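Turn these sequences into a full structure, and let the hints steer you where they fit.
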Amino acid sequence: MKIRFIDAEAPPASRILENLAAGHGDHPLDRYLKKGRIPHIWCSGCGNGILLTAFVKAMEKGNFDTKKTVVVSGIGCIGRAAGYLDLDTYHTTHGRAIPFATGLKLANPKLNVVVISGDGDLFAIGGNHFIHAARRNVDITLICSNNFNYGMTGGQGGPTTPLESKTTTTPYGCSEHPFNLVYLAKASGAVYVARWTALHTHELRDSIIHSVNKPGFCFVEAITPCPTAHGRRNKLGDGLSMMKSYRDNSVLTTELDPEDTAIGLKGKIAVGEFVNIDKPTFMDMYDECAICRANAPKKSKKS
Amino acid sequence: MPLDAGRREIVLGKVNIISHRCKGCRYCIEFCPSNTLAESEDFNEKGYHPPYVKSDAKCVNCNYCETICPEFAIFVTELEPRNLLSEDVVKTQSRARRRTRRE
Ligand SMILES: Cc1ncc(C[n+]2csc(CCOP(=O)(O)OP(=O)(O)O)c2C)c(N)n1
Ligand code: SF4
Ligand code: SF4
Ligand code: SF4
Numbered sequence: 001m002k003i004r005f006i007d008a009e010a011p012p013a014s015r016i017l018e019n020l021a022a023g024h025g026d027h028p029l030d031r032y033l034k035k036g037r038i039p040h041i042w043c044s045g046c047g048n049g050i051l052l053t054a055f056v057k058a059m060e061k062g063n064f065d066t067k068k069t070v071v072v073s074g075i076g077c078i079g080r081a082a083g084y085l086d087l088d089t090y091h092t093t094h095g096r097a098i099p100f101a102t103g104l105k106l107a108n109p110k111l112n113v114v115v116i117s118g119d120g121d122l123f124a125i126g127g128n129h130f131i132h133a134a135r136r137n138v139d140i141t142l143i144c145s146n147n148f149n150y151g152m153t154g155g156q157g158g159p160t161t162p163l164e165s166k167t168t169t170t171p172y173g174c175s176e177h178p179f180n181l182v183y184l185a186k187a188s189g190a191v192y193v194a195r196w197t198a199l200h201t202h203e204l205r206d207s208i209i210h211s212v213n214k215p216g217f218c219f220v221e222a223i224t225p226c227p228t229a230h231g232r233r234n235k236l237g238d239g240l241s242m243m244k245s246y247r248d249n250s251v252l253t254t255e256l257d258p259e260d261t262a263i264g265l266k267g268k269i270a271v272g273e274f275v276n277i278d279k280p281t282f283m284d285m286y287d288e289c290a291i292c293r294a295n296a297p298k299k300s301k302k303s
Numbered sequence: 001m002p003l004d005a006g007r008r009e010i011v012l013g014k015v016n017i018i019s020h021r022c023k024g025c026r027y028c029i030e031f032c033p034s035n036t037l038a039e040s041e042d043f044n045e046k047g048y049h050p051p052y053v054k055s056d057a058k059c060v061n062c063n064y065c066e067t068i069c070p071e072f073a074i075f076v077t078e079l080e081p082r083n084l085l086s087e088d089v090v091k092t093q094s095r096a097r098r099r100t101r102r103e
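Sequence lines, in order, name chains L and C. Going by our numbering, the first sequence opens with residue 1, and the numbers climb by one from there. Going by our numbering, the second sequence opens with residue 1, and the numbers climb by one from there.
Ranges between beta-carbon positions, derived for each pair:
#, chain 1, residue 1, chain 2, residue 2, range
1, L, D260, C, N83, 47 to 53 Å
2, L, T253, C, S34, 26 to 32 Å
3, L, H132, C, E45, 44 to 50 Å
4, L, T93, C, E45, 32 to 38 Å
Source of the hints: derived by calculation from the structure; they are not laboratory data. Being a predicted model, the structure only gives us computed values, none of them experimental. Note that CB positions come from ideal geometry on N, CA and C, so glycine has one too.
This is the structure:
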């Protein structure tokens, strides 16, 4: 299949309908999507579509070069995001989005490498890759759609499933302590960590722009409703009532220690930017330490 | 009316709905700050009720429906800028009055 690129220019101040005819489809954002792929597979009310829109809006507002931005995803409902974007994208095997992205970045450091994947993909089977990419401070952006379960395979419990949540593998309620992704990302060494819900579309977009422009391992967690699996089993209602609960329960904070930002099945959700520091990236360190040492003049041995 | 109303221009929005893409999640309807949209009685080809623009509504061009729609089914284009009219300021005034009362 031939992939078509469309140059991402800044949108004109007043968009007019006539311009759309020249684009990909009926919607102004269609020019960032592969032709004919919409409607996507996601359920009615699924937050993945909002996250994809936020990413596309970030590309538009942040003026990302479509020829230099690549998206890698793993397996899961949100993993399909890579297939919808009209960029160089790669849908890897389960859990391996981060190593693939790391390879891309090291082979061609000029690229903006973005991973968009799910909580199960990035933190269960791919958990080790996450902590080590963060530890090394590889210059990639990670966007995680956290819907608290494995949506694609029918709603099993995963590493972010809150205590007492009902899933197909925890029919009496989850008895395992979940990961707090913000805390995990900070502890592993990420230089930028933000969390928003699917309702915070503008903040999500701006965090994505910031992450792509910032050198180092940046992590954006998006809390997304999965009404079909997680919502239904836990009687959280349809997508709309899940979104309304985000509106009522989100607390914007910059002061909270990431340790205290855990999310329960119900109750408050701390959102905001939690980490924003500067640290030399993996490539900086490698150039500085390993290559310099290799090139340094050798000491002559005393006889 | 503000005293400088003659020098102010506002840009309202025109809502464009691609009905056949809509999956009826109602996010655009519920979260629109100016209550512009409503659910139609008609079905689209998927069997969902897409939104429509209410006849008396005024879209303030905030773009939120466009960013919240998971389906790329709704977007907003800007209308020609026009002068502020007295009917545009009614809401602002009542909100300001409410705030003074609370204080
Ligand atoms: C090696 C391997 N193991 C298991 C699976 C089955 N599998 C497919 S998707 C998935 C979980 C995805 O969950 P998540 O990343 O949370 O994405 P979501 O579907 O919730 O968006 C699993 C376990 C697989 N495809 N490959
Ligand atoms: S199962 Fe859940 S995550 Fe998957 S598309 Fe449906 S709502 Fe979205
Ligand atoms: S742009 Fe804003 S005001 Fe206009 S319909 Fe959309 S959400 Fe409502
Ligand atoms: S947000 Fe989009 S999919 Fe949902 S009801 Fe509105 S137009 Fe339809």
